[in-house]
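K.L.:
These are the residues of each chain, in order.
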Amino acid sequence: MAEVLVLVDHFDGDVRKVTYELLTAARALGAPSAVVVGTPGTAGKLADGLKAHGAEKIYVAESEQATEYLAAPEAAVLASLVESVSPAAVLLAASGDGKEIAARLAVRTNSALLSDVVGVGADGVQHSIFGGAFTVDAKGVTDHPVITVRAGSIAIEPTDGAGAEQSVAMPELDPSRQAVVTAREPVVAGDRPELTDASVVVSGGRGMGGAENFGIVEALADSLGAAVGASRAATDAGWYPHQFQVGQTGKTVSPQLYIAAGISGAIQHRAGMQTAKTIIAINKDPEAPIFELADFGLVGDLNTVVPALTEEITKRKG
Amino acid sequence: MNIVVLVKQVPDTYSERKLSDSDHTLDRESSDAVIDEINERAVEAALQLKEADGDGTTVTVISMGPERATDAVRKALAMGADDAVLLSDDALHGSCAVQTARTLAKVLGTLDGVDLVVTGNESSDGGTSAVPPMLAEILGLPALTHAREIAVDGTTITVRRETDEGVTSLRAELPAVVSVGEKINEPRYPSFKGIMQAKKKPITSLTLADAGVDAGEVGLGNALSQVTGAAPKPPKSGGQKIEDGGDGGAQIAEYLAAEKLI
Ligand SMILES: Cc1cc2nc3c(=O)[nH]c(=O)nc-3n(C[C@H](O)[C@H](O)[C@H](O)COP(=O)(O)OP(=O)(O)OC[C@H]3O[C@@H](n4cnc5c(N)ncnc54)[C@H](O)[C@@H]3O)c2cc1C
Ligand SMILES: Nc1ncnc2c1ncn2[C@@H]1O[C@H](COP(=O)(O)O)[C@@H](O)[C@H]1O
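Those sequence lines, one after another, are chains A and B. Numbered by numbering that gives the first Met the number 0, the letters in the first sequence go through residues 0 to 317 in order. Numbered by numbering that gives the first Met the number 0, the letters in the second sequence go through residues 0 to 261 in order.
Calculated from the structure, these hints are not laboratory results. Just so you know, not all the hints are guaranteed correct.
[What the hints assert, rightly or not] Here are the simulated lysine to aspartate or glutamate pairs, DMTMM-like style, with alpha carbons at most 25 Å apart: (1) A:Lys314 <-> B:Glu50; (2) A:Lys276 <-> B:Glu253; (3) A:Lys250 <-> A:Asp173.
[As the list claims (entries may be wrong)] Examples of chain B residues lying across from chain A (beta carbon under 8 Å, computed): (4) His23; (5) Glu164; (6) Glu172; (7) Gly228; (8) Gly237.
Think of the CB as a built atom: it goes at the ideal place given N, C-alpha and C, for glycine as much as any other residue.
Use the sequences and the hints to build the structure in full.
P.N.:
Below is the structure:
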């Protein structure tokens, strides 16, 4: 069976969850081989998790250079592996870094790039585009398609893999042709669930009226074990951090329940949340377009409705 | 300093976007076409660098797209860019990301001494954030992507890069490719004077042959990936909408409980 290369997305000694989604998805195409690119000592901490999620092989490329440059080290390692093992495909996370590595790899190996897919199968991949308005089937016509997979779109199925480790040399990189990383400030995960895989998301928009008011959205979210999101109007105003923006240029979420408070429902916001199973809208304007989408719409002032809802939920939970 | 800004015309995101029934490519007739909002920010970033640098810096706009992409190019010129190159050729229809990047690299090759290529980080019409790193790979240049801040000092460029994973500081020597994120700036509106001047600014029209690209290397038929099918999502049926009579919070909770969501 052909190998399928899976680039391991890791941070600070931990495998990011999306990697396990990739290892699951890879099994539709062949035998998953995890590829770890990191500073010396990285792979040792990740191996058990990778094995438990079906990695038959673990290629290890460890070098100080791995974190000095952006995307180029991973692209170089993957390109050399594509040459030596001729995989059925290469899978990466559709994150900022993953997309960048994938793009470089596709050019370097003259491969099809299938970006931000939500499904992987032997016949091809599925994309969800224009904010879920269209589902598109596509396939690569090259030997080693490079596929980036949207986090949260594949259900993880753990299974034992042999996890045979094999070290790979880090190819020489020309420093004059790279962007050098001079500092990193990773986003620290909060106590709330990750926005893209939360089953409930509560979002606030311009109607919140200010940063301080996001407290009532956070309280509602916590009563539901939900993640907090925001419209671009709210992130642009600096009321809530950028990484929580939902929409076309922010995150795409597909939770069981999405509650929008003080959000008008502009088409670019909808693009990030319209595939939610149940949508609740709270808005004082009865004409707000968000109501066209809502399963349950409440025309009212969020300043009273949101805290009352939080209280009611807390009460019901007893 | 010679700055090039890559500008793409896209369907207006405020209108409904569709795929064509025949070949599943973007249906460009069904919606208004505008300069991509992120590219207005790219132009703004280039103009700010030019203003900081004083005379001697030029900003050239490059676009690849149908003839009517001239409108997007004019908008960038009206904002203050100096001149433009538009590559238009029917054979490009349906090109994949790899082909697009290779073609744009050829167009860049028609210009002398480019120091900095400024792009958007992701185009709004199903863009994949692929073109900027691909260009860097093809041209052998450093890529500084998802910039929230850009500074150029002599021949050194530094960028604060912001993605969902966090903030990274990057440094490279020019020439380089930089892609801008949506929080980088607020693009200026073209002034009346700018709009009038833009009408006289030079736009060089290129065909594939002019750019030295073989038509057999681009277009739907030669793309490295193929779309095999497309289906619109069935429309959502409307739900209920009620006025808050003072017990709105409780009413929502009631609904959530009935739907077994709490
Ligand atoms: C290329 C492009 C990309 C974009 N990407 C995104 C994106 O990724 N995400 C995104 O969200 N937007 C995006 N936008 C912006 C989008 O067009 C809207 O401007 C934005 O979504 C509006 O945010 P909002 O709904 O919070 O604000 P508004 O549209 O101003 O709506 C605020 C709402 O709050 C209601 N309200 C006010 N006070 C109260 C109150 N006390 N109680 C209840 N309701 C109240 C008002 O009735 C109103 O409906 C993009 C735009 C473009 C052009
Ligand atoms: N056809 C094109 N013409 C000019 N620039 C483009 C084109 N396609 C992509 N770009 C540039 O690359 C950026 C990222 O696009 P993409 O890789 O398609 O998400 C865009 O914001 C543009 O700056």
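K.L.:
Against each hint, give a clear statement of whether it holds in the structure.
P.N.:
Status of each hint after checking the structure:
1. A:Lys314 <-> B:Glu50: Status violated; Cα separation ~59 Å.
2. A:Lys276 <-> B:Glu253: Within the cut-off at roughly 18 Å; holds.
3. A:Lys250 <-> A:Asp173: violated (34 Å)
4. His23: holds (7 Å)
5. Glu164: holds (6 Å)
6. Glu172: holds (6 Å)
7. Gly228: Result: holds, 4 Å to nearest chain A Cβ.
8. Gly237: holds (7 Å)
Going through the hint list in order, the structure does not satisfy hints 1 and 3.
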